[in-house]
Amino acid sequence: MAASMGGSATQHSDVGTVDPAEVERFARIARTWWQPEGEFRPLHKLNPVRLAFIRDRLAARFGRDIRRPRPFAGLRLLDIGCGGGLVSEPLARLGFSVTGIDAGEEMLDVARAHAAESGVAVEYRRATAEDLAAAGEQWDVVLALEVVEHVASPELFLAAAARLVRPGGAFIAATINRTPKAFVFAILGAEYVLRWLPRGTHRWNKFLRPSELAQGLRPQGLAVQEVRGMVYNPLADRWSLGGDLDVNYLLFAVKAPEAG
Amino acid sequence: MLGAMQQRRVELIVVGGGLTGLTLAIACAACGIEVAVVDREDPAAMLAEPFDGRTTAIAEGSKQVLDGIGLWPLVAGAAEPILEIRVADNNSPLFLHYDHRDLGDAPLGYIVENRVLRRALIERARVLPSLVHLAPLAVERVERGGGGARAYLADGSVLQGELAAACDGRRSPLREAAGIRTLAWDYPQTGIVCTVRHALPHHGVAVEHFLPAGPFAILPMTEQRSSIVWTERAALAPGILALDEAGFRAELARRFGDFLGEVEVVGPRWSYPLSLLHAERYVAPRLALVGDAAHVIHPIAGQGLNLGIRDIAVLAELVVDARRLGLDIGNSVLLERYQRWRRFDNMALAAVTDALNRLFSNSVPPVKLLRDLGLAAIDKLPPMKRLLMRHAMGLVGELPRLVRGEPL
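Which chain is which? The protein sequence lines are A and B, in order. Residue numbers for the first sequence follow the working numbering, beginning at 1 and rising by one. Residue numbers for the second sequence follow the working numbering, beginning at 1001 and rising by one.
The shape of chain A in the complex, shown without the other chains (with noise of 0.2 angstroms):
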């Protein structure tokens, strides 16, 4: 159970949004995170359309020049549920101060030694979005990348990772839209049929829509600015960015400066 587990540097809550059986399951597989011909491997060949996104919106909304070393150099980020690190990592080598929370133990331990062997400063703690955000921090960006559909409680998620963004600063999620082609896709697709995923990653009722996304966002004064779909050609064996929101889509989204 994630709540008896201790050695973190943050107090964290024993009950709130985190699914403790699912935080069992991802550290089973913790090891293999980091090989791209191991179980996450869709995650490493979806990486670099997610980065690209994450990357070319925050360079807009923070005018940072892409093409310059460290672009993103000053600015505080907050990767809820970074597992092994795969987008923290990435992050952190393009500037971003980088903050990565995950619940469980075996995960962070992962990103840790990941981090140490490829020379990236990245800050790990096991902690989750409504401890931090009931102490009150904040971040210029946060990212809850294909977190939303494994938490317990979308709505409370929703609400404390939107509290964690700074008047001005931007939110990003990924996520798995609420349809039947979702089903048939991200579930008996990825999980049975070209076995992608281990079964029982995603349940279908847990998805999440467009819209309930961004109402969940709204009353923290998060306003959304963009969604687009990610799709998967299987001839190229490769994702890009498109109009398509059925499956796999990316949400972004900014506080008005003067908001709270």
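Since the hints were derived computationally from the structure, they do not count as laboratory data. Glycine included, each C-beta is placed from N, C-alpha and C at the ideal position. Take the hints with a grain of salt, since some may be wrong.
Okay, the calculated bits of chain A under chain B, using three or more residues with CB under 8 angstroms as the criterion [stated by the list, open to error]:
hint : stretch
1    : 48-56
2    : 61-72
3    : 89-95
4    : 113-127
5    : 206-219
Chain B: place on chain A using the hints.
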């Protein structure tokens, strides 16, 4: 022990500082990638004439690449544009004629002395702040693991990087250490190379004669000179190379003809064994094979370095794009893409040049008649000819940004 060793951390380790290695290093370092190039040869010795007398045909696509990485301005003054190519079959009146005006304003390519390219590369490498050129210094071994590549150098120092690029030539020690097998065979032919000065101007015309021993190419150079690439039966080549000046000139003149007037050999003669080699894989964990380490083709179409430059344009694009996403530049998804992008193109050209050489290196009458008709037919079919020309110019296929003339 470890504490005593000098360690340097870079992003990309380039093993081999020849034309391929330095070009790759410059392409990446020009975009801010931290690169170390290691070569056992002394750069000063590489610039001396006896080191390499060859010239290189730079296709239009390759010129775009060199321009995109800031090298072309250093080379342009010593590059002779190829405006026309005449392909002739021995003494047959039928021939294939390529004129650059069939495609637009750009020349079909350029002939540049390797020496000129090397000087430009060394000069450009010197001014890039994120490039370190370690030469002369040998690489003793390269260890590759999950986290990166480590090169142990002869002076006891260690280089640590995310990716190692094997630009160490056709006998690539890195390729062999990685256990990558090759498909290879030697042609029973030797390439004789020399430079001539002639009485009449060449007007930018390159000539390729298909002689029974193999192709004999006359490539236009600056200062009313031409570079000769003369394919000879391996058994006869040593005798020809050993001839005195008058004897060599007579053998040359017999093949050259008199269309450029009096011909005089300037500088030394060189010879190179001709072979074909293709690596089964272009990549291994933390390792990419580039240029001759991955493929050596018959020089019949003058495409050898051009294929290497295409490899470089692709690998540099993937590496720079990965770095701009903050990704590990030695990741296996990137390496897989490099192999998939380059291997087909290189294999296709190896097959074409091998077939051309087999087709043209004989004088069996029916074969000769067929190929003459084939050449004449291609000459009469403009779309087919344009495609062949664009291919030779390196402008066909999924093009990397540098080949399209776009910045990285």
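These are the hints, each one checked on the structure:
| no. | hint | verdict |
| --- | --- | --- |
| 1 | 48-56 | holds (count 4) |
| 2 | 61-72 | holds (count 4) |
| 3 | 89-95 | holds (count 6) |
| 4 | 113-127 | holds (count 3) |
| 5 | 206-219 | violated (count 0) |
Figure legend: structure checked against the earlier numbered hints; the only hint not met is number 5.
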